[in-house]
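Chains as they are written, first to last, in this note's numbering: chain A, 1 to 394; chain B, 1 to 278.
Worth flagging that the hints you see were computed from the coordinates, not collected in a lab. One or more hints might be untrue.
[What the hints assert, rightly or not] Partial chain B-side listing against chain A, Cβ under 8 Å, derived:
#1 Asn158
#2 Tyr266
#3 Thr271
By construction, the Cβ of each residue, glycine as well, lies at the ideal position given by its N, Cα and C atoms.
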Amino acid sequence: MFKEKDTINFMNTRSDILRAHYLRFARKISVWAGVASIVAGLFVPAGASAVGQLTVRSATLGTSTAGATTNISFSFKPANTATIKAITFQLCSSPLDLGLGTCTAVASSTMASAAFTTAGQSAPFNASWALGTGSDCGADTSTRACIFFTTGSSLTSGTQYTVNITGITIPNTANTQFYTRIATWTGAAAGTPSGETDFGGEALSTGTTMSESATVQESLVFALGTSGTTCANVAGGGTVSMTNSAPMSTATDTYGTGKMCANTNASGGYVITYTGTAFAASGGSTFTAPVSLFTATAGTPNFGFNLKADTMPVGSVASGADPSGGGGRCTPYTNYCTANQYSYSTAGGIAVADSNSAPSADTIYTMNYVAEIDNTIKSGVYTATQVFIATGTF
Amino acid sequence: MRGWYRQVAVVLVLCVGLFGVSGPVSATTPGDPSATSPSYSVIESEIGGNGQFSSSSNNFNINPNIDDGGSSLGESVVGNSASTSYLTNSGFNTTAQPGLSLVVNQSSMDLGVLSTVITSANTATFTVSDYTSYGYVVQVFGTPPAYNGHQLTAMGNNTSPASAGAAEQFGINLRANNSPNVTGSADPLEVPDNAAFGSSTFSYGQAGNYGQGGTTYGVDRTYSVPNKYTFNSGDIIASASKTSGPTLYTISFLANITNVTPGGRYAGNLTFVATGTF
């Protein structure tokens, strides 16, 4: 109860009267100002500063492919230090804090199958926290997932925290913006979080999956000659001139080399085969060389070749070379891949080398030919022709 | 006494008039208070002249009727104030809501028939803008084109293209490239003033990750060096350090093969993920 006090005692002059009037007016103003502040306080909600803004917050998609079910990594710094028992994550058409019940899904987005496990999470969410249920902060809905910890974790203002939620289906429209919301809560019971502490909205966008393509044409390069170090420079034609061939002698070996080179991008690689004619002369003898390995021996009629580094005669002059470069080899074909031993066949389609069932860069092969005669070999000009074929498997 | 009651009534009316029965309650609807005191909070710290929307109603309203009070304020003059890390926008319809837009402008990119005698290249574009943020990053996820289990070899950080046929390579960057020339390649284009990165007053997107420590844009920051290429799934290929208008990015794709690159139709998928920090 307020009551005016009579302060008019003696008013001798007009100025005294005015002073008294203004003093009284000032007292009234101060009194009513106090009343006004008290009454106004009734209208100021106590929770005005309760909800802070999460800062340095982001929501990183596992993939931006429209309609994908993916994970979202939520990262944030709380504004308030508090013991948090629940954190809600929403996917909505608005980033604003409209309450958990006001959130519209975007283009078939859903969080109904959102999941959370402590494995792989950073502290404090790597233990004790769990996906919400109807007994605590609430089970998944189409727009919301929640994690909770009954005891709660103290989240410190200014500390960066990250929570990874999986199983979220993002909007199924490409290049579409949508939003997520993060809110921290100090309580959770009966399916509803309570005590909102901090909040923050984030914008995200689906993208368009871009398909990339290119064509690599199938390639097989095969070259034959008598010289060269790469497939590009093999040269010399198709005739191999033999050492000690004019004339051949029963006392020494006749030998010579040819070259072939192959490369391919065939995923199954290549195989080189040959088909050859007998080493023979018109009106002369025909060498019947064994298919199996033979060792060059002067005075014994033989004709054959291999793809190895040899000494001709054995233990004497170097001749031939091992396959070099790329992935080509002769090792599976021992009749043609044993040093100083040779083979020859007119059966046709005899494999002598391959690239080990894989693409191969340039491999240089050296065919090292050897021929020997005895005294029964008739005179003449002896020749043999081989056709080599490289076949790729793509 | 009658005067006293009259004065009390006046005070009550004044209180109601000043604060409104529901005014303070609606003003404190939980939602991004960025400036707070023990009793008050300012929601979305944006102030404007409210030039387009109605500024009053029966009970006073400075906020336009958008959502829970998020403000869309501003006058017809568009502009901003910026520092290294912050940017404030003003203008018509300056929204209070965070925004992030990623638009991949094409769904496929074909490098054609690869060859051992010439380097192959192609381009694709995407656009990113964001709002009320501390910037964004764009990551690329995927693999180089592959066929029958064989992927083209991804180029390491800032790799120069080899001579055609000398090495198998696949990489990207987001710059204009002239050695070898990549038709259609371009530096990031800031929209709407169509300015280069660093010259725009609206947009601030740049190739590579602005946060890649110890690196310099265009010198050694991956994806930002002309004529040098990189591909690592998950890498940040574009970014902005603050709120930015649209930036049009052009990705240059480059590929080389050797004569042992398996023949076939190579294919793969790339996805781009933009993440804003708000």
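query: Hint check: is the beta carbon of threonine 271 of chain B less than 8 Å from a beta carbon of chain A?
result: Hint holds; threonine 271 of chain B Cβ to chain A Cβ min 5 Å, cut 8 Å.
- prompt: Taking 8 Å as the limit, does the beta-carbon of asparagine 158 of chain B come near enough to a beta-carbon in chain A?
  reply: violated (21 Å)
query: Minimum Cβ distance from tyrosine 266 of chain B to chain A below 8 Å?
result: Status holds, d = 4 Å.
Checked against the numbered hints above, the structure violates only hint 1.
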